[in-house]
Amino acid sequence: MERIEVRVRQGFADPAGVAALHDLRLAGLNASSVRVHQVYFVKRLMDAARAARDVLVDPVLEERGSGGEGVAVSVSKRPGVMDPSEASVLRALRALGERPTRVVTAKTYWIVADASPEEIAAAVGRSLANAVIEEITPGEAPEPREALPATLSRPVSDLGLSRRAQAVLEAENIETIGDLVALSEADLLALKSVFPISLEEVAEGLRAEGVPVEAVGNTLRTVDRAPRVPNVPLAGLSDDELLATSRKYVLALNLHEMHAIRDHFRGLGRAPRLGELETIAQTWSEHCKHKTLTGPIDYTEDGRTERISNLLKETIFASTQELARDWCVSVFKDNAGIVRFDDEHDVCFKVETHNHPSAIEPYGGAGTGIGGVIRDILGTGLGAKPVANTDVFCFGPLDTKEIPDGVLHPLRVMRGVVAGVRDYGNRMGIPTVNGTVCFDPRYLGNPLVYCGTVGILPRGMHEKAARPGDRIVVLGGRTGRDGIHGATFSSETLHDESDTVSGGAVQIGNAIEEKKVLDALLRARDKGLFTAVTDCGAGGLSSAIGEMGAETGAEVWLERAPLKYMGLNPVEIWISEAQERMVVSVPAEQLDELLRLCAAEDVEATAIGFFTDTKRLLVKHYEDVIVDLSMEFLHDGLPKVPRRAEWTPSPPPPPEPPLPPRERLLAILSDGNTCSKEWIIRQYDHEVQAGSAVKPLVGPDGKGPSDAAVVVPVLGKRKGVAIGCGISPKLGDEDPYRMAIWVVDEAIRNVVAVGADPARIALLDNFSWGNCNDPEVLGAMVRAAKGCRDAALLFGAPFISGKDSLNNEFKGGKGTIRIPHTLLVSALGIVDDVTKCVTSDLKRAGSKLVLVGSGKPDPQVMRDVASAIRSGRVRACHDLSEGGLAVAIAEMAIGGGLGGRIRFDGDLFEEAPSRFLLEVSEDVGIGAVVGEVTKAPLLDFGGGFEVTLAEARDAFLVWERLL
Amino acid sequence: MTRVLVVRAAGTNCDRETAHAFAAVGGNPETRHVNELLAEPALLREYRILVFPGGFSYGDDIAAGRVFATELRQRAVPEIERLVADGGLVLGICNGFQVLVKTGLLPGGEGQVVTLAHNDSHRYQDEWVPLHVATDKSFLAKGERFLFPIAHAEGKLVASDETLDRLEENGQLVLRYARNPNGSLRDVAGMCDRTGRILGLMPHPERHLEPWHHPTWTRNGLAAEPDGLRFFQQAIAAVS
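Here the protein sequences come in this chain order: A and B.
Counting from 1, position 816 in the first sequence corresponds to residue 816 in this note's numbering; the numbering is continuous, with no gaps.
In this note's numbering, each residue carries its 1-based index in the second sequence increased by 963.
Hints are computed from structural coordinates only; laboratory data are not their basis.
Reference listing, derived: stretches of chain A covered by chain B, where coverage requires no fewer than 3 residues with Cβ under 8 Å from a Cβ of chain B: (1) 419-429; (2) 681-687; (3) 698-704; (4) 830-844.
Glycine is no exception: its CB is placed at the ideal position from the N, C-alpha and C atoms.
My request is simple: use the sequences and hints to build the entire structure.
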């Protein structure tokens, strides 16, 4: 392979080096300088000098060259891990007339540090690379290893081609059989014109040499008939053996489920195929089926036991039905909940978690997390256009000293997660507008990463159904082995070897691939080229097609599925999750147009089967049957086993003696849960799509925290959506019911505070819980679900969708750490005219400050505040949350650069629901005046409790110094 | 009505609002995939204004705008030069500016002599910045002031002192930050070629078309004429 190494010229600053130096120092290395070299290995390059000059080297800043000062450490992707830049580099080189077949990239860090080479390499491992997906090599970047089967490494001369063909191949730098098979269709065609033989003959020659290929159209395809996949006999197995079988194949099926499967196949008189077991395991996984939340529960509280047959249906969903809002278009049915927006559009909203992958590889895990929820929106109805992203994270405290084995430091996790969301969301062109971060030591081994997306779709496009005869078309990313067992992995508990056992469950996202899919899919939607669409999430084709064909039946030809590389067996092709891939059902007469449209957008699209009317799922690989299951058993065969749940109130922990008020206020302002998240927010593009009406940061210098974001999703209009959230894990320890009421209240408060209509708020629930086999843990979830129901009914705000993530625990050497019960509630409000919105920054000295709300959850308070805002007399509005009134006025003052004089008899720090602080221009007829805005930059609470604005600001902006 | 072509590639993400901006000031915008332009560069002759909008073309892999620029350089640059010679206008915003610099269309005539490097912070930055028009070389009126958001990781303009001196003397360093957000040399936010008909800038005028886009409209009220509107009006006027 040709090696091109690029470095910044001497005399110019190397910003990548400066950033790496910062990271290495945070990781404890006493380094004084770092320079970063980018290394490209290109296979089959004719003119390396020209490629460097015209494509790879910036003529102003960079030069080709190697060597440097200090110690060199190189980082490259492990074989099989996707490198998103490969396709772009190939494209640029092709534009020069080159025909390269492969690009591998690496980085070499030249580090000057007061440490041994081993210590330096270890620090790189802690901060700049992740051993799960990358290799760290001392010295300069080595030529990448080729992970090719032996036949593919053999020289082409083995093929017995004519001398002329031989010469052509030599001139083209095609040395091995692998090089030849890797050629693109266009290149093969170009070769074919000088080949004395046909493509079919090339294929025949290759087959004679034991290389399994065939000519399909104008291209060579690999034919992986071997290895054949075995049947898995279950008859006669003991319970222990059944469970051992479940573990052996990483099925995550429990004994009841294994019994149901054994009995089903006993009735059929045959053993299940491995492909069938895998399909059932994916479909029945907690990740896909949410069997805990939707299964029967025997719940005990106060000595009384009740049978709940379906927790979700009887609590959250029941409240939505009872509210029966006519603006709810589709609830708890599709990928996302859908509500009406205006006469022409509906909006939809979904929040997902991606916790376990983010624990192991924060950057990749968070990136594929946001990528996944964006695909949820693309797959809602007949396809919605994403218009805003949200993200909420829970980490261990950033100053954690002791880190258990197998766990990354929270600082590293946070930096990686933020970068992952940033790089994916920004590249997708979707503004990330709202979110928050919570810290608790119990998130150390199991951080939480919630990613959400709001979408917009034309009215009338919320229904979809694949029809018998429609073609099954996959578009977007190819299948590799990296996505195997995502659904079953996410349903298991993390432990200190998760990173080695489950490295395969971490994928690298490619945002540009997904952006292309988005562009192509929405164009195809507008031309009416498909009848149904779904995203390909965990479980890969098996869950997507199993779900789309549930009412009809489907027949799939796996040999047609586009693969990243040879060697996958059919079951792997069937269950492996591929990022950036969607499945659509296309009427046969529209297939050509859809394929043409995708080709014009550089999106790969392939028909791999069709929907039938057999109500069976039939999956074949050539003539081999991989799966032949009835849709009925697949979707309804899951046994319903009651679980036990229990809730015993625990006495509240004794309150810690509070600090003196001054210190207390400054401590809360600088606490990770409250402090300014500007470091994160400004790394996200929150303005793209030109719809930003209320930004996440407000005030004249953009330092004030916004309660919620408001986005106008249709260009040229003034109608907007407000997006806010509520989360408070610390309340869950004491009473999850109260926590649920609080977080619903908080989410609603946040959107009302900017001007959303309280009669038009829709909610999402996201439960991240521990292991629900523990009745106490499940009992806490029942309490929280009941809290959600009661709060939704109280506020008249329906839940429209939700998701749960269970088994959030970390098993380490020192026992199991269970995360706090964590309920995130997200709110989507409608704002009829965004020019009536208000922000939290104080506006004018002399205005009165009004406290509204008695401290009980109160829908009337929400309505009062909304109508005060509509009246135009509210200059600023902020909700009372952590730290109560004291923190609310401090944040408003920091935002506005003004002071506040507060005279309040009650507890300045009380945290109670449904309260707001308003800055008003004249009386608004609600609440009580508690002070006024002052020009003097001082927070004056009376009785000698004073904090200067500079002190408050300094505390609030603590991350500017820390990160 | 002035025909405007907005070209998108894989990863372009500001094409809709950029087209909307031209429509809002009376232009007639169309958006096409770069594949169409590469297949038939002469289709440029139907348009008076060519725009490369913001985004992450090809993921900013290698360097921002590099892959897109390589494709254009091989296939489309002669037609772009012809459009300019005919009195047309070429505009590059954010990623589009990076593309124009890396094709060498900016500053023009001598290959790539300017680059847009990583911000001094080495981070992606989204913030609003004030800027002003320092010369009357381009279609923008000298002395005009704008408030636009930046949203980029690679926006620091870098070139040799001699190059910058020459460009400054020619009046090509058109747009300057009043508060430099990224370490750009000589506070350059945008520049034009020697004819003044090719303009590139890092800030996003299409994100300040509505009065409620302004970051402090809730304090200072709704402006009658948002800055972005003035920017695009002047572009249309320059070819009318």
